[in-house]
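K.L.:
Residues per chain are reported as follows:
Number of protein chains: 2
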Amino acid sequence: MGHERRIPTDNSLAPPGIADDGDAMAFCTTCAFGAACTAEGYDKNALRELHCLVEHTGIYHEGDYVFRKNTPFTAIYAMRAGMVKTCLVDERGREHVLGFFLPGEMIGLNAIYPERYPCDAIALDTVTLCQFSFPAMVTLSTRMPTLQQQLFKLMSKDIGNASLLAGDHSADERLAAFLIDLGARYAARGFSATRFRLSMSRTDIANYLHLAAETVSRVLRRLQNQNLIHVSGREVEIVDPAGMNALARCILQP
Amino acid sequence: MGHERRIPTDNSLAPPGIADDGDAMAFCTTCAFGAACTAEGYDKNALRELHCLVEHTGIYHEGDYVFRKNTPFTAIYAMRAGMVKTCLVDERGREHVLGFFLPGEMIGLNAIYPERYPCDAIALDTVTLCQFSFPAMVTLSTRMPTLQQQLFKLMSKDIGNASLLAGDHSADERLAAFLIDLGARYAARGFSATRFRLSMSRTDIANYLHLAAETVSRVLRRLQNQNLIHVSGREVEIVDPAGMNALARCILQP
DNA sequence: CGAAACGTTGAAAGCTCTCAATTATGGTGG
DNA sequence: CCACCATAATTGAGAGCTTTCAACGTTTCG
Chain A
-7 MGHERRIPTD NSLAPPGIAD DGDAMAFCTT CAFGAACTAE GYDKNALREL HCLVEHTGIY
53 HEGDYVFRKN TPFTAIYAMR AGMVKTCLVD ERGREHVLGF FLPGEMIGLN AIYPERYPCD
113 AIALDTVTLC QFSFPAMVTL STRMPTLQQQ LFKLMSKDIG NASLLAGDHS ADERLAAFLI
173 DLGARYAARG FSATRFRLSM SRTDIANYLH LAAETVSRVL RRLQNQNLIH VSGREVEIVD
233 PAGMNALARC ILQP
Chain B
-7 MGHERRIPTD NSLAPPGIAD DGDAMAFCTT CAFGAACTAE GYDKNALREL HCLVEHTGIY
53 HEGDYVFRKN TPFTAIYAMR AGMVKTCLVD ERGREHVLGF FLPGEMIGLN AIYPERYPCD
113 AIALDTVTLC QFSFPAMVTL STRMPTLQQQ LFKLMSKDIG NASLLAGDHS ADERLAAFLI
173 DLGARYAARG FSATRFRLSM SRTDIANYLH LAAETVSRVL RRLQNQNLIH VSGREVEIVD
233 PAGMNALARC ILQP
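Protein sequence lines, in the order shown, are assigned to chains A and B.
The numbers in the numbering used here rise by one with no breaks, and the one at position 219 of the first sequence is 211.
The numbers in the numbering used here rise by one with no breaks, and the one at position 107 of the second sequence is 99.
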């Protein structure tokens, strides 16, 4: 394994339900709601209220659905461990991957407007997450400005990220940007930015980057031959971060 | 002209400042904040407060900047008339168009998280808009749940829209989806869905759809030869909406 | 009227895709 | 523990779509 999970995934024995304070506080430091949860000077009751609308869900295994397209929107989810992809299948049967989610990131924010989940969310490995009732969050956020701001921030961030893939860039640039971005997000959670495991298949990567799976294979090989990365199965090491950044810059920079 | 502007653009003589109620109310029916502004049963004071944080800006002419990349984020804008593009220029000097904005739509929501505008916003023709101080909106929205919900909705919508261009589709499908989408958005504001004027250049369209300008020309010609549309300069008529929808479906449907 | 920007059209090159075959990996059951 | 199967990943060759480069026609506006 390229990195160690800091968040224990062995809470399978604990029944789903209200998070106990100890667990919740420990997790909150890496969670997307960290800023709201751990905000200083906060009324302890408010903090308790926020924790009370969280449910730790059971464990999801590879292939399990966190939610399905067109299901009524009820909750958003914070990743605790593992990786989830969001995707949808078009009428021609082709799968489009919208995003990959790492520990600490939020899923479901794009369901608020349509009031239904606009895509499927599928676990790529063993996943645990926190479920937040959205109606409850909305209510609470009117009394808790920090929470409201955090929601605004998270959503605004998502709007910006979406345009990452927008440009018409070469396959090499796309793959470089993908790996650099993944490394940066891992680093933000305390993992290694240069060594990690790809939980998703080459096909998933291809469907995310809008390339053919064969092209993903070829480009990974090409980057390795240029001594930019080292790939072994799903283990990846970024050998030359500067070189990779140079490739990815035109995508990540703007 | 393919459609009539319902919103007068001749307020250039009025000094920027607080919107008078008459104007504001008239506009609100087509504005993105309509739901919040015109919500029934609302405290008249709250409504007045919302209107008070709006400023009608002066007129922008073609090429004028509404805001510039990296400027500190202070306000979001609601389009009243005309068209604006948001774009950024990469280090190679190539322009990427992120979006086009029609009357009633909001600009600047992607600046909340970075706290700076992440792109330029440029008027494509004669533009008028309303400026909302964001800090003031945030404060007000804690007392005005409808406003908060409206903000959530608008942002969530933007997250979803961004994935419209994501797929790897043919140039024909992209152009068809672009025109159908534009028509639908015009229709949502009371204009014709099948006859309108493209305020942006072929190059802008190309930079938005990630095609070469020459390809845009060729595809428009191709669609016209198939009797799907009629193009004359920047005037467009969708002659066969069903056929165009069939082409665009795989992009717009999911 | 003339310059400059915009738009169109043609031909050749390049990148990625598709199709096909081969190799590697991981899980299952004997 | 190993054989076996299904899935995933890799590699090669040819086709297709879009891009690039270049030239020409058109519109706009000083």
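Incorrect hints may appear among the rest.
Stated by the list, open to error - Covered by chain B, per the in silico footprint, the following chain A stretches (three or more residues, Cβ under 8 Å): (1) 71 to 77; (2) 82 to 91; (3) 95 to 101; (4) 133 to 146; (5) 181 to 188.
Honestly, the hints are just simulated from the structure, not real lab data.
We put the CB at the ideal spot given by N, CA and C, even for glycine.
K.L.:
Now tell me if each hint is right for this structure.
P.N.:
Hint-by-hint comparison with the structure:
1. 71 to 77: violated (count 0)
2. 82 to 91: With 5 residues closer than 8 Å to chain B, the segment 82 to 91 of chain A meets the three-residue bar; holds.
3. 95 to 101: With 1 residues close enough to chain B, the hint is violated.
4. 133 to 146: holds (count 10)
5. 181 to 188: violated (count 0)
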